[in-house]
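Participant: Read top to bottom, the protein sequences are chains R and Y. No gaps in the numbering here: position 241 of the first sequence is 241 in this note's numbering, and each next residue is one more. No gaps in the numbering here: position 216 of the second sequence is 1216 in this note's numbering, and each next residue is one more.
Do not rely on the hints blindly, as some may be mistaken.
To give an idea of the chain R side of the interface with chain Y (calculated C-beta under 7 Å), a few residues [to be verified]:
id	residue
1	Pro8
2	Ser9
3	Ser113
4	Pro120
5	Pro124
6	Ile133
7	Ile136
8	Val139
9	Ser142
10	Ala265
On the chain R side, residues computed to face chain Y include the following (Cβ under 8 Å) [as the list claims (entries may be wrong)]:
id	residue
11	Ile12
12	Ser14
13	Asp178
14	His181
15	Gln261
In the DMTMM-like style, the derived pairs of lysine to aspartate or glutamate whose C-alpha atoms are separated by at most 20 Å in a straight line are [said to hold, decoys possible]:
id	chain 1	residue 1	chain 2	residue 2
16	Y	Lys1152	Y	Glu1307
17	R	Lys118	Y	Asp1247
18	Y	Lys1267	Y	Asp1028
19	Y	Lys1031	Y	Glu1307
20	Y	Lys1231	Y	Glu1298
21	Y	Lys1231	R	Glu270
In short, the hints are calculated from the structure, not lab data. Just so it is clear, the structure is predicted and the values come from calculations on it, not from any experiment. Even glycine gets a Cβ: it sits at the ideal position worked out from N, Cα and C.
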Amino acid sequence: MDFFGITPSVLIASLIVASVPILMAAIGELVVERAGVLNLGVEGMMIMGAICGFITAVETGSPVLGFLGGAAGGAALSLIFGFLTQYLLANQVATGLALTLFGLGLSSLIGQSYVGIKPPPTQPVPLGPLADIPFIGRVVFSHDWMVYASLAAVAGVWAFLRYSRAGLILRAVGESHDAAHALGYKVVRIRLLAIVFGGALAGLGGAYVSLVRVPQWTDGITAGAGWIALAIVVFASWRPWRVLLGAWLFGGISVLQLNLQAAGARIPVEYLSMSPYLITILVLVIMSSGRGRAALNAPAALGQNFHASR
Amino acid sequence: MKRRTLLATAALGLGLAFGGAAQAQGMDKAKACFVYVGPIGDLGWSYQHHQGALAVKEAYGDKVEIAWQESVPEGADAERVLTQMALSGCNIIFTTSFGYMDATNAVAAKFPDVKFEHATGYKREHPNVAIYNARFYEGRAIQGHIAGKMTKSNKIGYIGSFPIPEVIMGINAYYLHAKKVNPNVELTVVWAYTWFDPAKEADAAKAMIEQGVDVIASHTDSTAPLAEAAKTNGAVIGFGQASDMADYKPSPRVSSIIDNWAPYYVKRVGQVLDGTWESTDTWAGINEGEVEIGEITEAVPADVKAEAEAMRDAIAAGTYHPFTGPINKQDGSAWLADGVTAPDGDLLGMTFYVEGITAEIPQ
């Protein structure tokens, strides 16, 4: 069954792959923001992950080590942010923006001698006969392991925030750092851990771009994916499964419009490309106007610096 | 805002005072500035412009200082960057993307003694603005020939950036020459609405490959479509765009269009130095060496390669024009009569597809 000449199973499969980078970065940023920290440097951490992952994969010949390198690169950059905002109490918005600029510049510098090299390929997980099941095999069982890892990350973050004691503490820090501090929790340490986790996931997302989606290194390769990840977190009103939905929606629409064009469907694709952003604006408007639960869902201490002396 | 106006006026005054004298005799030292739409490291469009800038430095050594800014967005930001460059003492500023057209003319009005060179546009509102372009469509014709001969599925693709005449011209030249050697060929066009976004360019290529397209030409700036084609192990081929993209030889990159801006840049900066610069409209192609055809690799059969090279030589010699009638527009109405070649004006304002293309140009 085809729509406009597009095979749905192929479309869904490419949608899932296309949304992995933004999904990874967004789920990491969700944890950071639930801990009460607003890190706008996602784009910078992603691109550092992209180049560090690329270099590691090329030098070692192993894509798995490459992804670890990417995570390390993103985490290292996020530590700068953590140090500046958590110990020196720098403004989080300004530091985050600076982090993006720094990451873009630094990645371009260290990536100079890696332009034009092909990284070792990441193969789909061999699931044997499962991949041959019609429709489901193509959609679910034909991906590389990072796709499954990103889905596991969503489930893991959801379970962590909802069911674990540590998750409860993290949320408490994000809702009221003073109260959490009064209870004896190490606010700064918890936030630092969240920031590093967010950086590592953004780095993984970036590495996925440079190792799988566009297997090469080019300056500015992430081209704004980090900003989309930030929008998704807001769109999802800080809930993990909605992040997944948001990532598929954002990633899906961009793939869908390209596929519609390739299939020669006469649909004004400009409106389709615009729609995720319109939906985000709509969500923001609803959130800021309503007194409903959506409005209350933003972590209360989001973007506020904490110092024990206050 | 006020301060900027004041600065601009001050610079203008200074320019009037000293610029007039310098103009007639030329100058001992010049500063040439370049504005790029993407990063230099895109290995495509902006990379090639930067090679031209480096050639200027190479040619004149200490007599010329060069400066540049990468990834400047098209639009209001460009005007700010240009103003800043003009204020910082640039004598000639090259704005290297279509979208800088209005910004270039607006800033040129404020700095009559700074020379502005705008690439791929058509507006020259002031005597200190020159425009230059390359006849990329000549290269597209050769790619179309190779595409028509090489496709097995009879489906060829073209990744467009924005629906502007320069890109539409390329699509038409590509399609016409594919159709000429393969009447069954079908063209798929995908608009990426960006000059540079590797992930999106790769997705566009992937969407086409899933539709059975096996020859992809791209009009965006990165090597991502070739990287995507490389995943198919030779089933899908493509072309280097703007730069040679030799890393993807011998396949998927079977040939390329190389923009060689160096001769033009060296010449124009030289004219600023000796005071003979004039506002001109330059549109050079294969003949002048501004458009080069990168090596056709062994992935292409020898006879196809020979035909493509013959076409290249005929275009260079001026004996063949890629748009030679009879050619009809998409709606079936006549555009060029038998044997008539397209006037430049028609090409530069091209907003229609030729007959046989089934897609529609987005409005």
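Participant: Could you run down the list of hints and mark each one as holding or not?
Facilitator: Now the hints, each set against the structure:
no., hint, result
1, Pro8, "violated (12 Å)"
2, Ser9, "violated (11 Å)"
3, Ser113, "violated (11 Å)"
4, Pro120, "violated (13 Å)"
5, Pro124, "violated (12 Å)"
6, Ile133, "violated (19 Å)"
7, Ile136, "violated (18 Å)"
8, Val139, "violated (14 Å)"
9, Ser142, "violated (13 Å)"
10, Ala265, "violated (10 Å)"
11, Ile12, "violated (12 Å)"
12, Ser14, "holds (6 Å)"
13, Asp178, "violated (42 Å)"
14, His181, "violated (42 Å)"
15, Gln261, "holds (4 Å)"
16, Lys1152/Y / Glu1307/Y, "holds (19 Å)"
17, Lys118/R / Asp1247/Y, "holds (9 Å)"
18, Lys1267/Y / Asp1028/Y, "holds (16 Å)"
19, Lys1031/Y / Glu1307/Y, "violated (44 Å)"
20, Lys1231/Y / Glu1298/Y, "holds (19 Å)"
21, Lys1231/Y / Glu270/R, "violated (29 Å)"
The earlier numbered hints that this structure contradicts are 1, 2, 3, 4, 5, 6, 7, 8, 9, 10, 11, 13, 14, 19, 21.
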